[in-house]
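Student: Here are the chains, one letter per residue:
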Amino acid sequence: MASSETLTSQEYIQHHLTNLTLGWHPEHGLGFAHNSAEAAEMGFWAINVDTMFFSILLGSLFLWFFKGVAERITAGVPNGAQNFVEWIVDFVEENVRGSFSHKNDMVAPLALTIFAWVFLMNLMDLVPVDLIPHLFAQLLAIFGADPHHVYLKVVPTTDPNATFGMALTVFLLVLYYSIKMKGVGGFLGELTLQPFGKWGLPANLILEGISLLSKPVSLALRLFGNMYAGEMIFILIALLYGGGMLLDGTAGVLQFVWAVFHILIITLQAFIFMVLTIVYLDMAHQEHH
Amino acid sequence: MNINLTLFAQMITFAVFVGFCMKYIWPPIVKALAERKAKIAEGLAAAERGHQEKALGEQRALELMKEAKTNAAEIVNQAQKRALDIVEEAKTDARTEGERLVAAAQAEIERETNRAREELREKVATLAIAAAEKILQKEIDVAAHRSLVDDFAKQL
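For the record, the sequence lines run as chains A and B.
Counting in the working numbering, the first sequence runs from 1 upward without gaps.
Counting in the working numbering, the second sequence runs from 1 upward without gaps.
Calculated directly from the structure, the hints in this document are not laboratory data.
Incorrect hints may appear among the rest.
Derived DSSO-like pairs (lysine-lysine); straight-line CA-CA distance at most 30 Å [stated by the list, open to error]:
id : chain 1 : residue 1 : chain 2 : residue 2
1  : A       : K67       : B       : K23
2  : A       : K215      : B       : K23
3  : B       : K37       : A       : K67
4  : B       : K37       : A       : K103
5  : B       : K39       : A       : K103
6  : B       : K23       : A       : K180
7  : B       : K39       : B       : K54
8  : A       : K67       : B       : K39
9  : B       : K23       : A       : K103
Taking the hints into account, I'd like the entire structure generated from these sequences.
Tutor: Rendered as structure tokens:
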């Protein structure tokens with residue numbers, strides 16, 4: 001709350017939950033949204049610049065680090081960085097081997113990318129909530145922007161666009177491999193001819209259709225919900241600051257405790273996203289289930 | 001919190017990241033891991049082989065040592081026997097040589113004695129004759145009594 005005394009708590013929270021949205025507004029034309037209502041009015045043809053920036057930055061960081069190690073990798077004695085990378089690769093490979101029983105060279109790199117990327121994006125949650133947005137607002141204020149209308153969400157996984165983006169990509173892969181492995185007929189048969197046989201076709205379609213569609217939705221919403229809730233609690237704790245020594249101290253302790261607990265959550269969510277992706281792809285490869 | 005174009009942008013980003021990881025990151029790392037696995041397996045097998053070879057070598061070394069010990073003992077025995085023989089031979093030789101020397105010395109002594117006796121005999125004969133001549137200068141004919149004196153000298 002340190003950023004401005006003129007904000008109410010509600011405004012403060014609202015401010016933290018609004019993305020930096022670039023789009024075409026019906027009245028103001030192309031530009032950044034000045035509030036969440038404007039962002040909503042921009043409709044579909046707008047882009048959350050903060051989500052894109054941080055997700056690409058973190059993804060590139062992951063790829064850059066792993067690529068650097070992969071280039072200098074040796075089968076001999078590994079150095080520190082290689083050890084670390086091998087540890088993660090081994091961990092991912094073990095999970096893939098445990099849950100995925102078919103031959104597909106794409107699944108393991110996919111799982112690694114998901115795990116590392118989601119973990120890094122979630123990790124941004126541990127950066128104090130006001131730090132980066134405040135610095136960014138100050139920076140833009142130099143160029144004449146109103147700091148109260150400069151929005152920035154640093155945790156991409158608290159933006160449903162990011163989580164649904166990944167989940168839908170996984171869903172497309174599930175559809176692709178289902179059809180590739182079983183053929184269109186086989187896949188449709190799986191959707192319509194079980195569990196009740198061909199006379200229960202409508203019921204089968206409803207059941208199987210829901211179970212199929214629930215995969216990406218649950219995948220995306222689970223990650224989004226966990227990270228959104230975690231972020232919200234950090235914001236609520238941050239509201240306590242500035243209310244005297246006692247509240248400041250309490251907020252400090254609470255923030256620390258929640259951050260420690262959150263380390264578990266961010267790792268767990270990255271892990272769950274990865275494992276479920278592997279499992280869904282395994283089911284897509286299976287003839288019967 | 002609105003679903004917008006970011007969704008598709010994220011999907012594309014995700015796909016690109018996965019593709020990059022699949023092409024440039026995963027294969028070399030997994031390859032290196034597999035290589036190390038093979039290396040370790042090879043190393044363990046080599047160590048196992050080394051162990052076996054070492055055991056075999058030790059056994060062979062033991063056998064060789066035993067053989068060498070036997071050989072050495074035999075050689076020492078032979079050498080001792082030979083040394084005894086040599087000492088024995090030397091003793092025999094020395095004894096023979098000593099006996100020979102003693103015999104030679106005795107022969108020499110005998111010879112010297114004989115020679116001295118002969119000389120003495122001659123000298124006694126001459127002395128006796130000279131004495132007899134002096135005593136009986138006139139009466140004794142040297143030629144007539146010569147054989148008598150010689151007989152006398154021989155009896156000495």
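Student: Holds or violated: K37 (chain B) and K67 (chain A), Cα atoms, limit 30 Å.
Tutor: 21 Å, holds
Student: Decide if the proposed pair is consistent with the structure: K39 (chain B) and K54 (chain B), CA atoms, cutoff 30 Å inclusive.
Tutor: 22 Å, holds
Student: Just to be careful, I want the Cα atoms of K23 (chain B) and K180 (chain A) compared with a cutoff of 30 Å; is the pair within it?
Tutor: 22 Å, holds
Student: Taking 30 Å as the top limit, are the C-alpha atoms of K215 (chain A) and K23 (chain B) close enough?
Tutor: Holds, at roughly 27 Å.
Student: Is it true that the CA of K37 (chain B) sits at most 30 Å from the CA of K103 (chain A)?
Tutor: Answer holds: K37 (chain B) to K103 (chain A) is near 21 Å, not above 30 Å.
Student: Please verify whether K67 (chain A) and K23 (chain B) have alpha carbons no more than 30 Å apart.
Tutor: Roughly 10 Å separates the two Cα atoms, so the pair holds.
Student: Would you mind confirming whether the straight-line C-alpha gap from K23 (chain B) to K103 (chain A) stays at or under 30 Å?
Tutor: 17 Å, holds
Student: Sort out whether K103 (chain A) lies within 30 Å of K39 (chain B), counting only the CA atoms.
Tutor: Holds, at about 25 Å.
Student: Just to be careful, I want the Cα atoms of K67 (chain A) and K39 (chain B) compared with a cutoff of 30 Å; is the pair within it?
Tutor: Within the cut-off at roughly 23 Å; holds.
Every hint from the earlier list agrees with this structure, and none is contradicted.
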